[in-house]
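Chemist: As they're listed, the protein sequences go chains U and W. Position one of the first sequence corresponds to residue 313 (my numbering), numbered consecutively onward. Position one of the second sequence corresponds to residue 313 (my numbering), numbered consecutively onward.
The hints are simulated quantities; they were obtained by calculation from the structure and are not laboratory data. Misleading hints may appear alongside valid ones.
Identical chains share a label here; the pair holds if one copy fits it or two copies do between them.
With a cut-off of at most 30 Å between alpha-carbon atoms, the simulated BS3-like pairs for lysine-lysine come out as follows [what the hints assert, rightly or not]:
hint, residue 1, residue 2
1, K747, K642
2, K446, K661
3, K657, K446
4, K572, K657
5, K649, K366
6, K359, K747
7, K410, K384
Only a predicted model underlies this, so the values are computations on that prediction, with no experimental measurement involved.
2 protein chains.
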Amino acid sequence: MSKNLTTRAEDYSKWYNELVVKADLAENSGVRGCMVIKPYGYAIWEKMQAQLDKMFKETGHENAYFPLFVPKSMFEAEEKNAEGFAKECAIVTHYRLKNDENNPGKLMVDPNAKLEEELIVRPTSEAIIWSTYKGWVQSYRDLPLLINQWANVVRWEMRTRLFLRTAEFLWQEGHTAHATREEAIEESEKMMHVYAEFAQEFMAIPVVKGLKTETERFAGAEETYCIEALMQDGKALQAGTSHFLGQNFAKAFDVKFANKEGKQEYVWGTSWGVSTRLMGALVMTHSDDKGLVLPPNLAPIQVVIVPIYRTEEQFDAISEQVNGLMTELKKLGVSVKFDNRDTQKPGFKFAEWELKGVPVRIAVGPNDLENGTYEVARRDNLSKEVVSKEGIEVYIQNLLKRIQSDLFTNALNYRDSHITEVNSFEEFKEVLETKGGFISAHWDGTAETEEKIKDLTKATIRCIALNRVEEAGSCVLTGNSSNGRVLFAKAY
Amino acid sequence: MSKNLTTRAEDYSKWYNELVVKADLAENSGVRGCMVIKPYGYAIWEKMQAQLDKMFKETGHENAYFPLFVPKSMFEAEEKNAEGFAKECAIVTHYRLKNDENNPGKLMVDPNAKLEEELIVRPTSEAIIWSTYKGWVQSYRDLPLLINQWANVVRWEMRTRLFLRTAEFLWQEGHTAHATREEAIEESEKMMHVYAEFAQEFMAIPVVKGLKTETERFAGAEETYCIEALMQDGKALQAGTSHFLGQNFAKAFDVKFANKEGKQEYVWGTSWGVSTRLMGALVMTHSDDKGLVLPPNLAPIQVVIVPIYRTEEQFDAISEQVNGLMTELKKLGVSVKFDNRDTQKPGFKFAEWELKGVPVRIAVGPNDLENGTYEVARRDNLSKEVVSKEGIEVYIQNLLKRIQSDLFTNALNYRDSHITEVNSFEEFKEVLETKGGFISAHWDGTAETEEKIKDLTKATIRCIALNRVEEAGSCVLTGNSSNGRVLFAKAY
Numbered sequence: 313m314s315k316n317l318t319t320r321a322e323d324y325s326k327w328y329n330e331l332v333v334k335a336d337l338a339e340n341s342g343v344r345g346c347m348v349i350k351p352y353g354y355a356i357w358e359k360m361q362a363q364l365d366k367m368f369k370e371t372g373h374e375n376a377y378f379p380l381f382v383p384k385s386m387f388e389a390e391e392k393n394a395e396g397f398a399k400e401c402a403i404v405t406h407y408r409l410k411n412d413e414n415n416p417g418k419l420m421v422d423p424n425a426k427l428e429e430e431l432i433v434r435p436t437s438e439a440i441i442w443s444t445y446k447g448w449v450q451s452y453r454d455l456p457l458l459i460n461q462w463a464n465v466v467r468w469e470m471r472t473r474l475f476l477r478t479a480e481f482l483w484q485e486g487h488t489a490h491a492t493r494e495e496a497i498e499e500s501e502k503m504m505h506v507y508a509e510f511a512q513e514f515m516a517i518p519v520v521k522g523l524k525t526e527t528e529r530f531a532g533a534e535e536t537y538c539i540e541a542l543m544q545d546g547k548a549l550q551a552g553t554s555h556f557l558g559q560n561f562a563k564a565f566d567v568k569f570a571n572k573e574g575k576q577e578y579v580w581g582t583s584w585g586v587s588t589r590l591m592g593a594l595v596m597t598h599s600d601d602k603g604l605v606l607p608p609n610l611a612p613i614q615v616v617i618v619p620i621y622r623t624e625e626q627f628d629a630i631s632e633q634v635n636g637l638m639t640e641l642k643k644l645g646v647s648v649k650f651d652n653r654d655t656q657k658p659g660f661k662f663a664e665w666e667l668k669g670v671p672v673r674i675a676v677g678p679n680d681l682e683n684g685t686y687e688v689a690r691r692d693n694l695s696k697e698v699v700s701k702e703g704i705e706v707y708i709q710n711l712l713k714r715i716q717s718d719l720f721t722n723a724l725n726y727r728d729s730h731i732t733e734v735n736s737f738e739e740f741k742e743v744l745e746t747k748g749g750f751i752s753a754h755w756d757g758t759a760e761t762e763e764k765i766k767d768l769t770k771a772t773i774r775c776i777a778l779n780r781v782e783e784a785g786s787c788v789l790t791g792n793s794s795n796g797r798v799l800f801a802k803a804y
Numbered sequence: 313m314s315k316n317l318t319t320r321a322e323d324y325s326k327w328y329n330e331l332v333v334k335a336d337l338a339e340n341s342g343v344r345g346c347m348v349i350k351p352y353g354y355a356i357w358e359k360m361q362a363q364l365d366k367m368f369k370e371t372g373h374e375n376a377y378f379p380l381f382v383p384k385s386m387f388e389a390e391e392k393n394a395e396g397f398a399k400e401c402a403i404v405t406h407y408r409l410k411n412d413e414n415n416p417g418k419l420m421v422d423p424n425a426k427l428e429e430e431l432i433v434r435p436t437s438e439a440i441i442w443s444t445y446k447g448w449v450q451s452y453r454d455l456p457l458l459i460n461q462w463a464n465v466v467r468w469e470m471r472t473r474l475f476l477r478t479a480e481f482l483w484q485e486g487h488t489a490h491a492t493r494e495e496a497i498e499e500s501e502k503m504m505h506v507y508a509e510f511a512q513e514f515m516a517i518p519v520v521k522g523l524k525t526e527t528e529r530f531a532g533a534e535e536t537y538c539i540e541a542l543m544q545d546g547k548a549l550q551a552g553t554s555h556f557l558g559q560n561f562a563k564a565f566d567v568k569f570a571n572k573e574g575k576q577e578y579v580w581g582t583s584w585g586v587s588t589r590l591m592g593a594l595v596m597t598h599s600d601d602k603g604l605v606l607p608p609n610l611a612p613i614q615v616v617i618v619p620i621y622r623t624e625e626q627f628d629a630i631s632e633q634v635n636g637l638m639t640e641l642k643k644l645g646v647s648v649k650f651d652n653r654d655t656q657k658p659g660f661k662f663a664e665w666e667l668k669g670v671p672v673r674i675a676v677g678p679n680d681l682e683n684g685t686y687e688v689a690r691r692d693n694l695s696k697e698v699v700s701k702e703g704i705e706v707y708i709q710n711l712l713k714r715i716q717s718d719l720f721t722n723a724l725n726y727r728d729s730h731i732t733e734v735n736s737f738e739e740f741k742e743v744l745e746t747k748g749g750f751i752s753a754h755w756d757g758t759a760e761t762e763e764k765i766k767d768l769t770k771a772t773i774r775c776i777a778l779n780r781v782e783e784a785g786s787c788v789l790t791g792n793s794s795n796g797r798v799l800f801a802k803a804y
């Protein structure tokens, strides 16, 4: 299986595409730009959903569900929103098929069933949600509204890649409404921190928290907070965004409230989202030439046990002991699978579970039974050791924690060694081409310079890091004055 | 709040519509036929999802995700499927909006961005899923495929009602593939039983398990199993269906496998689903003129505690004691809310939580503090009693179980007293008009008679109950011979 995987050094992009398919995460469908998320991939997404949902609820949010369709006129209401998204999208114009009389057995769109107003399949739900909030908010007592939606959205992308860019994708979108500007800003910042915590603690992906420049900002937002990750090929990936919307949508949809003094004011808004794109980030951060490497906190199967035997008696003896171990591991909350297929050899199984990124593999044969041991192999660093069966369940539990933490540390070391300060445009281009990663450089703050650098190098400003230090300098391209560095990178 | 609710006797249909909105379950949206599921309603749906998902996984199923869109040609592939669903649906024909030069600020569909092939927004996913399964199945070793999807679907309904019939709705759809006819039939039956168990144990709704007649069957199925419930107005509601698809979809999408002897065979299929329609069934089975009545197993809030006080000292003393009780209840897995709003009076709070169907209300005032008691009120039968605070948490835990079981018993008594055997068409019509409910009658087994009875009475055959007894008789309309009774009813 894995022997057919293209290596990262050969072709990183091909490696990714092959891995996603071979590890049973997803595949292209018969519908242009849309993917099928296969059970193994979906199981990882479910774990991500469950954890994020828990974190959203702990921060006071509730889930709700809003329509898939947005009437065209609603898009027009928020002009900047329309500019940002509404152009490339799926448009429903008719509501009935009929038998095609000229082609027996074929169906055609019934021309008599044309909609009066076209419906857009939501590329994002600000418009439909803010038009609903208008009915929900009268007084300051109705605020804040802290709502999240798990949904599918569609953006008519021309060039698609599994998880990273698909026409339809799954995501969550939080949409909140507040009485004050300060509270809305606090909310957008809070959700950026929630995303960062999720990325680091569960996905084992270090992220830079920062602000987008005006060019890179969501069209309807006054400020976009983001978390930016770095992939193994030195390209950045935007892993989540949280927007402070100001009063833009409240004004577009006339959402006002009576404040404590009885005066009418426009509501302040935020929106924030992460998507199945995170699956791509997960794959590209940790995996290797043998296949997936999954962090234990998100692995659908944390431990796989492979029996090694020649006779049925050996298999029975191994199975009996393994069943005991499985019970103990499950008690500790470890998800474990006994791969007792008799149709495949151990070597095949080893390769398959390596490809699928199961964090820990336990092998057990007749010698182990005799010696009271197991062979324990880590997927991340491929190390193996022989472990006594006494107390092995606690050993495994701790090992999973260690793997989780090692994955993060390794990704952090890689990331930190790929943030390079440069002070000239020559250096900028050289680092970008030879090493990649984040380039920390002074920028004069203008959209023109940003655009020019993008044209010349394909690198964009990923963010103005929240923790950047004020520092006088001169722009790497124009030499004009700058008061701090920003992070550039080529990006997914 | 609840005082404005239309009563069931006045107008059952209006009562339902008002209740769904006033109890904050759902509301109509700005998009024709599509609803907004509000946080309180969605919280109930989440509990239903979580339980069903658990039951699906316990029966060996995995989740996956397939595209929202189905190319027109895929629909045509399974002719009967197309007949059943494909006619009234949302059709995407274009993929871009552009600025309308004749109407500044307005957008128009870009005529240059017409799709080569129209895409149907899925009304159900058999076509897209079976076209995918073709790539997943080669050998008997790849079977069974036991897959479920949680998704939104769209059917262009002309007359819609919140939850009961909406253009877009949420559901789960299971799609399985098997090596043998027997195994597929067993799967369809198993899922019908899973649905019945869920309806009875969690929704407290008794259901009849049965088979649909050919007329009422899913177009692409060889057999449709169903669970049928009875609402308080005497109308039936189909609460879930499970289809044995035979080899219909395998043949339409050429899904074959090599059996153990190496011979190519078509795969056998099933599909099964329940939807947000169940929310309508839940409301209509248990609720009353004061509002919702929720079974404890699905109530987002199982217990609400309302403090009754005049002074701040009293409030503080109550709060302290209530916090202790909350901790104890949460330890037992009871979800509890302390309604400590100082903006509303107790009477208002009582009415609000009655409207929202919280199963148990606990009130506590200064006298209770002195006497070491709480006042405990049941939402279902509106009874109240004073309970000593010693061990009240276990008392509440047991009370919730009792309420769950009483709700089911009451619904069962109502249902059982509304199954009426009739032996003449006069009697049939009279019972239908005066009493409603299920009418158990002999039928000659022909689609013609079924159609005629429907035309004359609006009653349809809800199902041929699995537990019906063989019994010779003569058809209630034609007098022709029959070998058993079937259940007729008017239905949602």
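Chemist: Which numbered hints does this structure break?
Modeler: 1, 6
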